[in-house]
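Taken in sequence, the protein lines are chains A and B. The working numbering puts the first residue of the first sequence at 2, with every later residue one more than the last. The working numbering puts the first residue of the second sequence at 8, with every later residue one more than the last.
These are calculated hints, taken from the structure and not from any lab test. Hints may be right or wrong, so weigh each one.
What the hints assert, rightly or not - Straight-line C-alpha distance at most 20 Å; calculated EDC-like pairs for lysine to aspartate or glutamate: (1) A:K235 x A:D103; (2) A:K178 x B:E36; (3) A:K59 x A:E47; (4) A:K238 x A:E47; (5) A:K178 x A:D129; (6) B:K129 x A:D103; (7) A:K238 x B:E134; (8) A:K178 x A:D194; (9) A:K235 x B:E36; (10) A:K59 x A:D129; (11) A:K238 x A:D12; (12) B:K129 x A:D105; (13) A:K178 x B:E134; (14) A:K213 x A:D129.
Said to hold, decoys possible - Derived coverage of chain A by chain B (criterion: at least 3 residues anywhere in the stretch with Cβ under 8 Å from a Cβ of chain B; other residues may be distant): (15) 13-20; (16) 27-40; (17) 95-103; (18) 108-119; (19) 145-157.
Source: prediction; values computed, not measured. Quick reminder that beta carbons are idealized off the backbone N, C-alpha and C, glycines included.
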Amino acid sequence: MTADHRMQYLDSVRTFISVLVYPIQYVVSVPTSATNWLGDNLQSRESLLEENESLVSKNRFLAVQMQKYVSLEIENMRLRQLLDASKRLTDRVLTAELLAVDLDPFSHKVLINKGLRHNTYRGQPILDSEGVYGQIVQVLPITSSVMLLTDPGHSLPVQVNRSGLRTIAQGTGSTSKLRLLHIPNNGDIKEGDLIVTSGLGGVFPSGYPVAKVTLFKPVSGQAFATVEAEPLAKLDKSREVLLVWKEQEDTPEVKETRSSATKVTNEKGAN
Amino acid sequence: MADIKKHGGKAILATFVFAMFLMVLPLPEWLRAFRPEFVTVVLIYWCLALPSRVNIGMAWLAGLFVDVLTGTLMGQHALAMSVVAFVTVKLHKQIRVYPLWQQALSVFTMVALGQLLVVWIKGIVGESPQSWLYWAPSITSAVIWPWVFVLMRNVRRRYKVS
Numbered sequence: 002m003t004a005d006h007r008m009q010y011l012d013s014v015r016t017f018i019s020v021l022v023y024p025i026q027y028v029v030s031v032p033t034s035a036t037n038w039l040g041d042n043l044q045s046r047e048s049l050l051e052e053n054e055s056l057v058s059k060n061r062f063l064a065v066q067m068q069k070y071v072s073l074e075i076e077n078m079r080l081r082q083l084l085d086a087s088k089r090l091t092d093r094v095l096t097a098e099l100l101a102v103d104l105d106p107f108s109h110k111v112l113i114n115k116g117l118r119h120n121t122y123r124g125q126p127i128l129d130s131e132g133v134y135g136q137i138v139q140v141l142p143i144t145s146s147v148m149l150l151t152d153p154g155h156s157l158p159v160q161v162n163r164s165g166l167r168t169i170a171q172g173t174g175s176t177s178k179l180r181l182l183h184i185p186n187n188g189d190i191k192e193g194d195l196i197v198t199s200g201l202g203g204v205f206p207s208g209y210p211v212a213k214v215t216l217f218k219p220v221s222g223q224a225f226a227t228v229e230a231e232p233l234a235k236l237d238k239s240r241e242v243l244l245v246w247k248e249q250e251d252t253p254e255v256k257e258t259r260s261s262a263t264k265v266t267n268e269k270g271a272n
Numbered sequence: 008m009a010d011i012k013k014h015g016g017k018a019i020l021a022t023f024v025f026a027m028f029l030m031v032l033p034l035p036e037w038l039r040a041f042r043p044e045f046v047t048v049v050l051i052y053w054c055l056a057l058p059s060r061v062n063i064g065m066a067w068l069a070g071l072f073v074d075v076l077t078g079t080l081m082g083q084h085a086l087a088m089s090v091v092a093f094v095t096v097k098l099h100k101q102i103r104v105y106p107l108w109q110q111a112l113s114v115f116t117m118v119a120l121g122q123l124l125v126v127w128i129k130g131i132v133g134e135s136p137q138s139w140l141y142w143a144p145s146i147t148s149a150v151i152w153p154w155v156f157v158l159m160r161n162v163r164r165r166y167k168v169s
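This is chain A alone, in the form it adopts within the complex (with noise of 0.2 Å):
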């Protein structure tokens, strides 16, 4: 046990039993993918129709904000170069299904079918259409397992978008509730203010949405306010994820190392 928590020695065997116990996992989430795919598959003409058409009108409206957002990132990536400051560039993005499989019930702990195979990490971070929804936290062959960012061990350097306050999103063990740590009684923030990632840690790129806050509670005689939010992520509904690769400016010698792995991962993801 200590050679597996302190190290990583046994993650060769881990890794060959994943793969036996494999199917034991993919007929457990079968009845629950076959639901997934009548309801699908047996929708209404109207309702499909419906669906199209709402659809539509988002992809237009999005397609309006992008414009706009392309030519900020340009004006964005202008000023850093004044700047002289690193460039941010776009993140690489694939979508992952959940696996329908109860692990430990508590810890928060979710399964996805995309696994080395698909050249995931350890720590990498995985969100949904709302916004951020955890790290992988063990890489399999065919799976990985992910820790939801609600877990009781889970911690995420945050920041709050309005007034740039800089905090931890501690995750309390319930889907609809974050901690923020060691915000000052007199911290500006306020219910309602949006959270996104600082990306302080490493582990996340900066400016995702993570949560809304639900309760600013000064302590007096407490150094720090009680502070809650809630995860804009669907935690509890979600059923595709997205897993995304950070591309950042590295230093040269890293570059260089690295150059021949994102070939590879390129030439992958190609196929």
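Since the structure of chain A is already known, use the hints to place chain B on it.
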């Protein structure tokens, strides 16, 4: 004698695989904490019925599989289940002659012992559960014991596992 000595290994394996299915079967959120420790219960049955065939080694292997299946630290279930198997094999002559409800009490104690070891390891690693519901599987395992026992006895007789 030699040919009936080892019989029905596949049946034993099948019951373990089925128990592992039940360990990861998706349940509604409120029910998840009450999921009995199916694999441990099946293990206890085989340790009672055939202590010469299913014992600590098998328990350790099954525990490793459960660890990988549920994404816990490698070895925590393996250790817990080995200890449970050890105690069961030690006491199997006594427990075998108990009436079912008394066996259920023993199962409660054994599963709780396994859970105690797991919670101890979890505490050391720093992910100790934050609710008393953690112990619910001990109770539900004991509650389902009579049915498991009858079912497994039928399996054992049907496939002449010996």
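Q | Broken hints, by number | A | 4, 7 and 11
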